[in-house]
Amino acid sequence: MSVTLATDVGGTFTDVVLTGPDGRVVVAKTLTTPDDPTEGLLRGVRRALADGGVPAGEVTRFVHATTLATNVILERTGVPVAFVTTEGFRSMLALGRQARVEEDRYDRFFVQPEPPVPLTHTFAVPERIDATGAVLTPLDEKAAESVAERIAGLGVSAVAICLLHSYVNPAHERRLAEIVAARLPDGTPVVASCDVWPELGEYERATTTLMSAYVGPVMAAYLRRLEERLRGVGVVAPVRVMESAGGVLPAALAADRAVYTIESGPAAGVVAAARLGSRRGLADLVCFDMGGTTAKAGLVRGGRPGITHEFQVGGKGSHGGRRPGTGVPIKVPAIDLAEVGSGGGSIAWADAGTLRVGPRSAGADPGPACYGRGGTLPTVTDADLVLGYLAPDGFGAFHLDASLARSAIEEHVARPLGVDVIGAAAAIHDIAGAQMGAAVHVVTVRRGIDPRGFTLVALGGAAPTHVARLAERFGIGRVLVPPHAGVGSAAGLLHADLAIERARTFLAPVSRLTSCSASRDALGELADLLDELERAARADLSAGGEAVTVRSVGIRFVGQAHAFTVELPAGPVTPETVQRAAEEFYKRYHESYGIDLRDPVELTTARVRVTLPGDDPPSPRVTPVPSPAASRRIWLSGEWLDVPVRARTSHVPGETFEGPCVVTEPQSSLLVPSGWRGTVDDEGAILLEARS
Amino acid sequence: MTSAEGTAPDLTAEILRNALCVAAEEAGIVVVRSAYSAFIVEGADAAAAILDARGRLVAHSLSTALIQCASLRSALPFLLDAHPAETMEPGDVFVLNDVYQGGIHANDLLVFKPVFVDGMPAYFTGTLIHVADLSGISAGGMASDATDVFLEGLQLPPVRIATADGLVDDLVRVLAANSRTPERLVGDLRALVAGANVAARRLAEIIETYTPAGLARGVADYLAHTERRMRDGLAGIPAGTRRASYTLDDGHTVRVAVTSDGSGGLTVDFDGTDEQVPLPVNSGFSQTIGGVLYAVRCFVDPALPMNEGCFTPVDIRLPRGTLVHCTRPFPGGGRFGTVAAAEEAVLSAIAPDGAAASGILQAFSISGVRTPWLHMAFDLGGTGARPDGDGVDATGALFGGGRNIVPQVEPVEARLPVRIEEVSLIPDSGGRGRHRGGLGTRTVLRVLEDARVDTRGDRLRRPPPGASGGSPGRPGSYRRERVDGRVEPLDAKATRQPLAAGEALIVETSGGGGHGPPGHRDPEALTRDRADGRTT
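Taken in order, these protein sequences are the chains called B and D. Numbering-wise, the first sequence is residues 1 to 692 according to this note's numbering. Numbering-wise, the second sequence is residues 693 to 1228 according to this note's numbering.
Please note that a few of the clues may not be correct.
Said to hold, decoys possible - To give a feel for the contact side, a few chain B residues facing chain D, derived at Cβ under 8 Å:
1) Ala94
2) Leu95
3) Phe110
4) Glu114
5) His121
6) Ala131
7) Val135
8) Ile179
9) Arg183
10) Glu202
11) Tyr203
12) Thr565
13) Val566
14) Trp635
To be verified - Just some of the chain B residues that point at chain D, by a computed CB distance under 7 Å:
15) Tyr106
16) Asp107
17) Leu119
18) Asp450
19) Ile595
Stated by the list, open to error - Label-pair distances were calculated between CB atoms; the ranges are:
20) B:Ala570 / D:Asp862: 30 to 38 Å
21) D:Ala1217 / B:Arg598: 57 to 65 Å
22) D:Asp1007 / B:Leu641: 45 to 53 Å
Keep in mind that the hints were calculated from the coordinates and are not lab data. Fair warning: this is a prediction, and the values are worked out from it, not measured in the lab. Glycine is no exception: its CB is placed at the ideal position from the N, C-alpha and C atoms.
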């Protein structure tokens, strides 16, 4: 029987979820240890194993979500990188494709962004390959040696290489990488673009490669350490890392292709929300994930999480920082999210007579004042505690001290603003709510989508406390709070598929593949490429026969730029299968653009996705644990109310209850304001519906 | 980090506004994805907008340049003159390119589709791209020796291109027969129609959701709100009249007087501007309006949405028959030099102590002699330095675009018989000054088959001047490299110059002017420029 450990390291909390052979779920929440995140993680792992009574050696799957790559990029804490390209194009990264869009274009004070690699660290070597892969100018090995020498002199920790047309012929990149690596200290990563994203478009290929080089060494060191420490406690299952598009990668690959993990943790949450929704017949969801440091919103429409290929690092603007044309593009697929720097640990402060919340977070250390770990600055969690939304006896191992919370708010907010502590706490809670609203706003209203028909899904420790008020803000009438909502992202990882995609540019007219004459060569080339990609992807996953392979091709009209991805049937590649793919393309083109066109088409990309499906057994029906009736005073709509407080585990499946009330569980506290009715389902999920 | 007023007071109004923008956005995406024009396919953007039946601009897609907005907005009244609203039927789609009726030049096709409320057109969706080829003396429509509009390409007054039954085949045949690349042209036309259709469908859904009255109210509020903010911003321009001028390479001068009433109203009068010329140097009125709006918008909140509310407070006076408002049959295709001159003049009239002048975009097209392939591209100059900082490299900002319109090398080489050997910043091309001008670029493009080249540049003979004691930027150029390595200059407005297989076109863009005395430059900045190779 399988035993899975799923772990999610956030800015404040590290969540560990274990499913044992009997399907029972055990949860451990620990404080993140920022200096060495494996420390807090191991603490959680040990506790989950102990609580579940599972010996470490029996763990068969270890799945990990981490915001490491994102943090490294956002905080610019990656390693120093040098960049090498084809002679004549040394300015490639400095020139970029930075569009001046929206407000930037009218900004007389627009400041040119710094290139992602300083020009002093950018090099070019004589060599040239053409679009067919033919070598026009052989790699000048002498010049390459001298570039390697100069790079060695810079003391960089990684090198990114992107030569023109390497997606079709990687020989020069590979050789150059060897030459450069030979001059650098052992183990210095030299990342070639043909290994990261072998597709046409040199600028995006270069930036994607560059970011991989920038983050990779940090990620590799971290994962190495994590594996060592896990071995140390007896967990021998291979470490797998959530990738941004919702699949899971083996650790070694996650280090090599670090950019694929940029939205690792948040992606897990959205995937979990989609799965939770679909089990309950809910296809249109707004996933709201609020932890200690940030809050994210993601959209699920028709049961599918939105995927973007236009992730922009350091981008800005109205689409949650992913506006095409700003920042540095990363072309790997990622779940589409908006994020705001506001979570339970966000610090409230008075700024010249105005109350502000965040973006600074108390994090795990010292944490909110009420943790009693030396934090003296008031946070959103402190406000929630003072308002009665959180139980004073805390959650899990954390005892919360309301008097510390109160004095922090008194000193830093109430007194400077001349208001009372309760008024200040209520304002902090409201402002945090408005900021959460901004994230939801970006993925819905900003895109012209009316959120009112959607279900809001609460994930993350702070989400249940804020979710109903957030729903009210948007007129959303339905809220889903899954079991273990407080560790929602990690719980989502339990059932994630192990999946990897490999793709490479393959340009060929479909007529060449389908005509009876002379088609053999091109067909053979395509078949060989697909086989090669599949072999590589299976090797990536160490997958055997149980893996599911989906092969697809990009197809477009000859002369156009945008391709559709069309699946190929299983079995050999024949003129008929290619023709069928073309027919499917015509159909989809017509559906998408309303243009019924039968012009010549060409293949652009060969793509293989190999998946080892995760298991998704129904959770065992919950057995209610009776608990004594209790009540607490909470501050709601400007007055103190005595409301019932019940443990989540005490609810009987099918039972309904009315707000105002508070439902507690070890990792979170669900605030149900007046006007909401809750229903508990068989798995223990709570569905809140607004009584209109 | 926000303060308490972070929530929308009226969610419905905001969803509506965004839904209108998203409808335009979708139209733009459909056009780009289904177009064949080399220009669009290799990276440039499509324009898409929503207007009302009074010709007011309501919303546009993010990638729509202001001059394209201005064209769609300027052309709609002419369409309604030619085809009164009551004669329009559901399913009708119209096309035009007439520079004297709001168009730009022959190759920029404007497509409009009415959206009906209670049996009458209440809104229009509009799309616009530079299509592959539509006749004219040079392939791709960039003939710099076109002495009249007829040499620039086939002229299209507002005509019906589609009905509920589909494309009007007879007209499509005429258009195809007048194109060097008929399949591509028809493909582009289909793309434009598809884009207008998609936006119209979305708009119909919006009307369904919000009711016609609800949408009308939402639009009115939106435009009024924008206009208020625009006026608030413009009120910051001190009352009075200030004049400025800018002279093109060939000596023609654009002159402007900008009068502020001090309370948000602005009059921009081009009286005194030189007469139009029988060469593609003039600008159609819609293009100058776009340029003026661009310059004026630089003085208000950059985040203001772009709609009719931005146009209303600005009274733009364009004397007919001048460079900034050409009349039949004077050509308008080479407008960017003139529009950029108008922008520069308005900018310096409003802010006399502002930025130095910028290098502008330099267009070129290369077409096959034996087979009908076409490569069109822009390279961009450096922007002028400002009182508070250096200029920006190679973004030629005056059109509001940026480098995303410059194609990448690999897709171009995969498609066309050309090889791009260099795209690089030119050291020392930014004008010297306390603040340095932005750098220009050098592109070396070798053809593998016999071809012809058309060029269209300005600010090459009169490079962008510096300001407050700064030096001018280094002038750009177009040159031809022979097979034996000899390099010879091409004219800034060269037409159909032969480029034999193995020869290369070298395009260098101008650097921006510097600002302030060069001797006052911060030594650290000098060191950094040298280390980065921006100076030698």
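These are the hints, each one checked on the structure:
1. Ala94: holds (6 Å)
2. Leu95: OK, holds: Leu95 (chain B) within 8 Å of chain D, min 6 Å.
3. Phe110: It holds, given that the least Cβ distance between Phe110 (chain B) and chain D is near 7 Å, below 8 Å.
4. Glu114: Glu114 (chain B) check fails; min Cβ-Cβ to chain D is 10 Å, beyond 8 Å.
5. His121: This hint is violated: His121 (chain B) lies away from chain D, its Cβ roughly 10 Å from the closest one there, beyond 8 Å.
6. Ala131: With Cβ-Cβ at 4 Å, under 8 Å, it holds.
7. Val135: violated (13 Å)
8. Ile179: violated (23 Å)
9. Arg183: violated (22 Å)
10. Glu202: holds (5 Å)
11. Tyr203: holds (5 Å)
12. Thr565: Since the shortest Cβ distance to chain D is 13 Å, the answer is violated.
13. Val566: violated (15 Å)
14. Trp635: At 17 Å from the nearest chain D Cβ, Trp635 (chain B) fails the 8 Å test, so the hint is violated.
15. Tyr106: holds (4 Å)
16. Asp107: holds (5 Å)
17. Leu119: Holds: closest Cβ of chain D sits about 4 Å from Leu119 (chain B), inside 7 Å.
18. Asp450: This interface hint holds because 5 Å falls under the 7 Å limit.
19. Ile595: Where the cut-off is 7 Å and the nearest Cβ of chain D is about 5 Å from Ile595 (chain B), the hint holds.
20. B:Ala570 / D:Asp862: 30 to 38 Å: violated (48 Å)
21. D:Ala1217 / B:Arg598: 57 to 65 Å: holds (59 Å)
22. D:Asp1007 / B:Leu641: 45 to 53 Å: violated (60 Å)
Comparing the model with each earlier hint shows violations of hints 4, 5, 7, 8, 9, 12, 13, 14, 20, 22; every other hint is respected.
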